[in-house]
Amino acid sequence: EKADPQKTAFLLRKAWTLYSVTPLYGFRRARLRDYARLLGAFIAAEKQKGLAVEVGVELDIKVALSSLADIRGSELDQAALLVQLSSRSRGSSRNSEDKPVWWGWFCSVFGDELSENVPEHFTCLPLFLSHGAESYTALVGSWFQKTFDCCFRRLAISPLNLSWMAAMWAGCKLDRAASAVELVFSVPRLAQPLDISYAIHPEDAKALWDTVQKTPGEITQEEVDVFMDCLYAHFHRHFKIHLSAAKLVKVSTAIASAHCDGIVKILHSQYLPGVLMLLTELAISQIQ
Amino acid sequence: MDETVAEYIRRTVLKIPRDEIKMMLQKWGFLSEAQLQTLNFHQIKDNISQEVVQLCEENSADIKQAAVLDIIYNHIYQNKRMWSVYQMKKSGEELEYFDITDFKKKFKRRLRSALKNVTITFKEYEDNAIWIRVAWGTPHKKPNQYKPSYVVYHSQTPYVFISSSVLKSTLPLLCQALIVASNYHDIRDMELRSHSLNSLKDIVFKRYSQNFQTCTPKPLQGGNVEPENADIRIVEENRSEKERIHRLNQEVFGSGPQPKLEFAQYRLETMFKSDPKMDVLDKKEPFRCLVKFSSPHLLESLKFLAPAGMADAPLSPLLTCIPHKARNYFKIREKKGLYPESFVSP
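For the protein sequence lines, the chains are Y and Z, in the order given. In terms of the numbering used here, the first sequence opens at residue 2 and continues consecutively. In terms of the numbering used here, the second sequence opens at residue 1109 and continues consecutively.
These aren't lab readings, by the way, just hints derived from the structure by calculation. Don't take each hint at face value.
To list a few chain Y residues with every Cβ distance to chain Z over 10 Å, as calculated [said to hold, decoys possible]:
id : residue
1  : A42
2  : A45
3  : T124
4  : R155
5  : S159
6  : K174
7  : D262
8  : L268
9  : Q271
No farther apart than 25 Å at their CA atoms in a straight line, the calculated lysine to any residue pairs in the SDA-like style are these [to be verified]:
id : chain 1 : residue 1 : chain 2 : residue 2
10 : Z       : K1433     : Y       : P194
11 : Y       : K174      : Z       : K1391
12 : Z       : K1381     : Y       : E183
13 : Z       : K1314     : Z       : W1239
14 : Y       : K207      : Z       : I1440
15 : Z       : K1391     : Y       : H237
16 : Y       : K174      : Z       : R1396
17 : Y       : K100      : Y       : T138
18 : Z       : K1198     : Z       : F1211
19 : Z       : K1130     : Z       : D1170
20 : Z       : K1172     : Z       : L1144
21 : Z       : K1391     : Y       : D205
22 : Y       : K215      : Z       : P1394
23 : Z       : K1172     : Z       : Q1162
24 : Y       : K251      : Z       : Y1437
25 : Z       : K1381     : Y       : S198
26 : Z       : K1392     : Y       : D230
27 : Y       : K266      : Y       : D205
28 : Y       : K248      : Z       : S1402
29 : Z       : K1123     : Z       : K1135
30 : Z       : K1433     : Y       : R238
31 : Y       : K207      : Z       : V1388
32 : Y       : K174      : Z       : L1398
33 : Z       : K1381     : Y       : E224
34 : Z       : K1135     : Z       : N1148
35 : Z       : K1400     : Y       : S187
36 : Z       : K1439     : Y       : A178
37 : Y       : K266      : Y       : G133
38 : Z       : K1400     : Y       : E204
39 : Z       : K1188     : Z       : R1126
40 : Y       : K15       : Y       : K174
Yeah, the Cβ is synthetic: ideal placement off N, Cα and C, and Gly gets one too.
Produce the complete structure using the sequences and hints provided.
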């Protein structure tokens, strides 16, 4: 279950934009090289049409598709699929290095709920994460949609799910140099917008969660509610403000951070599978 | 004219919005009216600034004059900078007559004795405000004109407003020079910061309204306190509660506009208290938190929290004390004794 830290290092500390993807029809692992060539040709053609990215920059985009065998929950999951776009400026020598400009990867971590019920010839990789220019994301997305008859949708994260993440991640074992557990709220509908950042010392947040969680390895909605209520009550005691009435928009911890617009950053390779499992679940809920 | 001075003047003019360049050059007064007439203000800024530099060349501008133009720009666009407020303290009760020449002399002497390469410029404004600009160098390098510190000192008060250079080591030198020059013996950071220099002045000079009932209350977002509909079939629920909240808000905030602050930060080192039935955390050590409120206009947004149902009325004194305690950075510890629910802010 543990992913090779070297191969997955590039996944850490990047802000990934999240999408849910419906199952891909007719996708074959053996044809990755072909797909890379076709996608590359598609991108070049779109550029000719003047529909793509960088204005005035002479760039050739090289496409690489690969499998990340370690990124999956169980044998029932498909291995993750990585798409990488690199640029090489025209006119430079063959020896010059390609510079990566965009990453996108499809994955499924314990996504059995979806793959169980899917007919033959469909590949389930419900979670898609992208990093890089939005215009490249649009190009890659539209090629996949056309080629495999699938559908991409931005994945928003609700305040409810953000509080789950806060509770889960606050309870993780800590390094000495762990950063605070920060909750960011936005207060809607005021004449002047107000943002509230509530950052708790990681040791103290973990100490609180440890007294709330009854069964190690298991988290219930009730426990998450108690954890959040404690934090809200502590805040109210000081400021007389009902944080529960504000909108939780971002959660940031030493493990990972997540924003309600569906943007996630994972900081610790040890917790990568756990975070992906949660995000896979969110993606599947959006698809169904 | 020195090349670096020419470049500095060119870049300063480039910062100014095109339709304000003429006005600022007039305020500067270094170029004659005749020279200003020769400038074409309808071309692109790049060309305007080149022409200005040429005229400055004719007049042999040096860094001192260029620095004055920079002060004028920063005085008008003061809200682009972050200002911190400092308060100076006198040892005795002696009322000393403020002599501006003496102040400037002592300030320059103190700084120059610590650092050979500094550019120091003063400009006085109407409201007794002395603007000071300091560009910092090292024993071997000429002053960096692009990272200066700005100080605004109101000579009839112990308050100094500092927009610090990013070169952090310069702040202690600056503070030293200020107290020596103004005959004070100490200076402290009031932990009060904002982009709005005028609001900071409003707070420390107590120029904002408190409990002043002259203005009519503004209509609240999402509903009026005084319903204007004549339809008697619509009865407002909790009317008396709404009125109570409104009244409490008036008492705390007054009816006038609030000083403009963008944030308030609280370092909490208080105990975590919970209902014993909940069986949660019961530590003897503080529950450490850092809370930060941000808004384009913080005090105005806080005012509307209770009417919006997001907060109890009256609002917590931790928030409402900001203007009269004249600070927006706090460290809160538990107060021991009879009232364990109340807090102490040192």
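Against the structure, the hints:
Listed as a non-interface residue, Y:A42 keeps its Cβ farther than 10 Å from every Cβ of chain Z; the least gap is roughly 43 Å. At roughly 37 Å, the least C-beta separation between Y:A45 and chain Z is larger than 10 Å, which holds for a residue marked as non-interface. With a cut of 10 Å on Cβ distances, Y:T124 stays outside the contact zone with chain Z, its closest approach being about 45 Å. The Cβ of Y:R155 lies farther than 10 Å from every Cβ of chain Z, with a closest approach of about 26 Å, so its non-interface assignment holds.
Residue-level check passed: Y:S159 sits 20 Å from the nearest beta carbon of chain Z, beyond 10 Å. Listed as a non-interface residue, Y:K174 keeps its Cβ farther than 10 Å from every Cβ of chain Z; the least gap is roughly 18 Å. Interface exclusion of Y:D262 from chain Z stands, the closest Cβ pair being 18 Å apart, more than 10 Å. The beta carbon of Y:L268 is kept farther than 10 Å from every beta carbon of chain Z, the shortest such distance being approximately 19 Å.
Consistency note on Y:Q271: stated as away from chain Z, and its beta-carbon is indeed over 10 Å from all of that chain's, at 25 Å minimum. For the given pair, Z:K1433 sits about 24 Å from Y:P194 by alpha-carbon distance, which is consistent with the 25 Å threshold. Of the pairs offered as hints, the one joining Y:K174 and Z:K1391 holds, with about 19 Å between alpha carbons and a cut-off of 25 Å not exceeded. Of the supplied pair hints, the one linking Z:K1381 and Y:E183 holds, its CA atoms being roughly 20 Å apart against a limit of 25 Å.
At most 25 Å may separate the alpha-carbon atoms for a hinted pair to count; Z:K1314 and Z:W1239 meet this at roughly 21 Å. Note on Y:K207 and Z:I1440: the hinted pairing holds, with a Cα-Cα distance of about 22 Å set against a maximum of 25 Å. For the hint linking Z:K1391 to Y:H237, the alpha-carbon distance of about 19 Å falls within 25 Å, and the restraint holds. With a CA separation close to 18 Å, the supplied pair Y:K174 and Z:R1396 stays within the 25 Å bound.
As the CA atoms of Y:K100 and Y:T138 are separated by approximately 17 Å, the hinted pair is consistent with the 25 Å bound. Proposed proximity of Z:K1198 and Z:F1211 is supported: the alpha carbons are some 15 Å apart, at most 25 Å. Of the pairs offered as hints, the one joining Z:K1130 and Z:D1170 holds, with about 20 Å between alpha carbons and a cut-off of 25 Å not exceeded. The suggested pairing of Z:K1172 with Z:L1144 holds, with an alpha-carbon distance near 20 Å, which does not exceed 25 Å.
At most 25 Å may separate the alpha-carbon atoms for a hinted pair to count; Z:K1391 and Y:D205 meet this at roughly 9 Å. Taking the CA atoms of Y:K215 and Z:P1394, the gap is about 23 Å. The hint holds against a cut of 25 Å. The hinted pair formed by Z:K1172 and Z:Q1162 meets the criterion: a straight-line CA distance of about 17 Å does not exceed 25 Å. Our distance criterion of 25 Å between C-alpha atoms is met by Y:K251 and Z:Y1437, whose separation comes to about 23 Å.
At roughly 21 Å between alpha-carbon atoms, Z:K1381 and Y:S198 fall within 25 Å of each other, so this suggested pair holds. As the CA atoms of Z:K1392 and Y:D230 are separated by approximately 20 Å, the hinted pair is consistent with the 25 Å bound. Restraint check for Y:K266 and Y:D205: the C-alpha separation of about 23 Å stays at or below 25 Å, so the hint holds. Restraint check for Y:K248 and Z:S1402: the C-alpha separation of about 15 Å stays at or below 25 Å, so the hint holds.
Straight-line distance between C-alpha atoms of Z:K1123 and Z:K1135 comes to about 16 Å, which keeps the hinted pair within the 25 Å bound. Between the alpha carbons of Z:K1433 and Y:R238 the distance comes to roughly 21 Å, so the proposed pair stays at or under 25 Å and holds. Between the alpha carbons of Y:K207 and Z:V1388 the distance comes to roughly 12 Å, so the proposed pair stays at or under 25 Å and holds. Between Y:K174 and Z:L1398, the direct Cα distance comes to roughly 21 Å. Compliance with the 25 Å bound is thereby established for this hinted pair.
Only pairs whose Cα atoms come within 25 Å are accepted, and Z:K1381 paired with Y:E224 is accepted, the gap being roughly 18 Å. Proximity of Z:K1135 to Z:N1148 is assessed by CA-CA distance (about 18 Å); at most 25 Å being required, the pair is judged to hold. Note on Z:K1400 and Y:S187: the hinted pairing holds, with a Cα-Cα distance of about 12 Å set against a maximum of 25 Å. Taking the CA atoms of Z:K1439 and Y:A178, the gap is near 23 Å; set against the 25 Å cutoff, the hint holds.
Only pairs whose Cα atoms come within 25 Å are accepted, and Y:K266 paired with Y:G133 is accepted, the gap being roughly 14 Å. Distance check on the hinted pair: Z:K1400 and Y:E204 sit about 20 Å apart at the alpha-carbon level, within 25 Å; holds. Between Z:K1188 and Z:R1126 the alpha-carbon distance is near 18 Å, which keeps this suggested pair within the 25 Å criterion. Our distance criterion of 25 Å between C-alpha atoms is met by Y:K15 and Y:K174, whose separation comes to about 22 Å.
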